[in-house]
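Start counting the sequence shown at 1377; every next residue gets the next number (my numbering).
Hints listed in this document are in silico derivations from the structure and should not be mistaken for laboratory results. All values reported here derive from a predicted model rather than from experimental measurement. We put the beta carbon where it would ideally sit given N, CA and C, even for glycine. Among the hints, erroneous ones may be present.
[To be verified] Cut-off 25 Å, straight-line C-alpha distance, at most; resulting in silico cross-link-like pairs (SDA-like, lysine to any residue):
no., residue 1, residue 2
1, K1413, V1429
2, K1664, L1495
3, K1664, R1651
4, K1664, K1413
5, K1664, P1521
6, K1664, A1434
7, K1664, V1530
8, K1413, R1443
9, K1664, A1635
10, K1413, V1444
11, K1664, D1636
12, K1664, A1648
13, K1413, E1390
14, K1413, D1425
15, K1664, R1396
16, K1664, D1425
17, K1413, A1399
18, K1664, R1527
19, K1664, V1429
20, K1413, D1378
21, K1664, L1439
22, K1413, A1454
23, K1664, F1631
24, K1664, D1447
25, K1664, D1650
[Said to hold, decoys possible] Okay, the calculated beta carbon distance ranges per label pair:
no., residue 1, residue 2, range
26, D1447, R1591, 27 to 33 Å
27, S1544, R1417, 35 to 41 Å
28, P1653, E1511, 49 to 55 Å
29, H1596, E1390, 49 to 55 Å
30, G1553, Q1414, 17 to 23 Å
31, G1553, R1430, 55 to 61 Å
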Amino acid sequence: MDLRRLTSFVAVAEEGHFGRAAARLFLSPAAVTAHVKQLERELGVTLLDRTPVRPTAAGERLLRHARVLIDTANAASAELADAPVDDLPLRVGIMGHGSAELTPASLQAFRRARPEVRLALSTLDFTEGVSALLERRVDVAFVRPAPVDERIAVDVLTTEQRIVVVPSAWQVADAPGVRLRDVLELPYFSLPDRTPRSFTDYLYFASSRGGEQPRRSSDHALTPQDVLMNAALGRGAGSALLSFTRYYSWPGTTFVPVADAPWEQSVLATRADDRRPDVLLLRNIATKLARELGPRLRLSPPSGASTRHGAVPTDTH
């Protein structure tokens, strides 16, 4: 979404009048009207009632997000007004779907704040949450869970319920929800030896196993697509965060929530000693959006929910 269109929409919604909004923005009424119409066409919804001028239900929802995005972009621009321009791109690694909706929102806000900085995006597999940063192949990375390495700094963006990804033909797929005792013995796909311990512990629910090793399928997986294909073929199970269900679907697979599993995190990871302005700016933008937008996207646990830091699971049965 174009920041100019969002700014015009917010001004009209707050002023209740196209003319007053135009005067506030030092634009012509025709320009403001065009911005709102373009935004409505882009989103495919009516954002403003015209008589009287006021937000529709869809407009009210967008208004909350638009204010956050505009405030974030304005704050970022002010903070870096005197920062030097670097010709090098900011290299962004993304594992799977990253931190859900916060990933594109953060990158879009960064582009608006620093349009002169190129973003170079690359896909990370399950083994690269630490190595891609330490080998300087990327500068920032949207990964899960939080890497445990003193050389890596992490900013938590989401904290989410856990799910298992299973073949639809398996009995567990028929349950609306399961508990850890129902899924610990599933044959989970294997990971290469170079996979960080934090990721293998996350995938296999290690904190709930009491030191016991998981059953492992003979098939390996490095990406979400590998997980889905293995499950569709009936060859193994995987685990993920709840937001996985919004981004992936595959015939023959089923996603089942694990009611008492500790909630897990997705993070923005960077090298701990990297203090470059663009890296710090993206961290600032992402964490601000996580605070503002995360609860509305249901990316934070409700009061009393278990996290991997030792809270007692809530019994939902």
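Against the structure, the hints:
1. K1413 x V1429: holds (14 Å)
2. K1664 x L1495: Holds, at about 20 Å.
3. K1664 x R1651: Judged against 25 Å, a Cα distance of about 18 Å means the pair holds.
4. K1664 x K1413: Status violated; Cα separation ~29 Å.
5. K1664 x P1521: holds (19 Å)
6. K1664 x A1434: holds (23 Å)
7. K1664 x V1530: It holds: about 14 Å lies between the C-alpha atoms, which stays within 25 Å.
8. K1413 x R1443: holds (18 Å)
9. K1664 x A1635: Violated: K1664 and A1635 sit about 29 Å apart, past 25 Å.
10. K1413 x V1444: With Cα atoms ~21 Å apart, K1413 and V1444 stay inside 25 Å; holds.
11. K1664 x D1636: violated (29 Å)
12. K1664 x A1648: Measuring from Cα to Cα gives roughly 19 Å; hence the hint holds.
13. K1413 x E1390: With Cα atoms ~17 Å apart, K1413 and E1390 stay inside 25 Å; holds.
14. K1413 x D1425: holds (12 Å)
15. K1664 x R1396: violated (30 Å)
16. K1664 x D1425: violated (31 Å)
17. K1413 x A1399: holds (18 Å)
18. K1664 x R1527: holds (23 Å)
19. K1664 x V1429: Violated, because 31 Å separates the two Cα atoms, which is more than 25 Å.
20. K1413 x D1378: holds (12 Å)
21. K1664 x L1439: holds (17 Å)
22. K1413 x A1454: violated (29 Å)
23. K1664 x F1631: Violated - the C-alpha atoms of F1631 and K1664 are around 30 Å apart, more than 25 Å.
24. K1664 x D1447: holds (10 Å)
25. K1664 x D1650: It holds: about 19 Å lies between the C-alpha atoms, which stays within 25 Å.
26. D1447 x R1591: 27 to 33 Å: Between D1447 and R1591, where Cβ atoms are some 49 Å apart, the hint is violated.
27. S1544 x R1417: 35 to 41 Å: Since the Cβ atoms of S1544 and R1417 sit about 39 Å apart, the hinted range of 35 to 41 Å holds.
28. P1653 x E1511: 49 to 55 Å: Given a distance of about 23 Å, which is not inside 49 to 55 Å, the answer is violated.
29. H1596 x E1390: 49 to 55 Å: holds (54 Å)
30. G1553 x Q1414: 17 to 23 Å: Hint violated: Cβ distance 43 Å, outside 17 to 23 Å.
31. G1553 x R1430: 55 to 61 Å: violated (41 Å)
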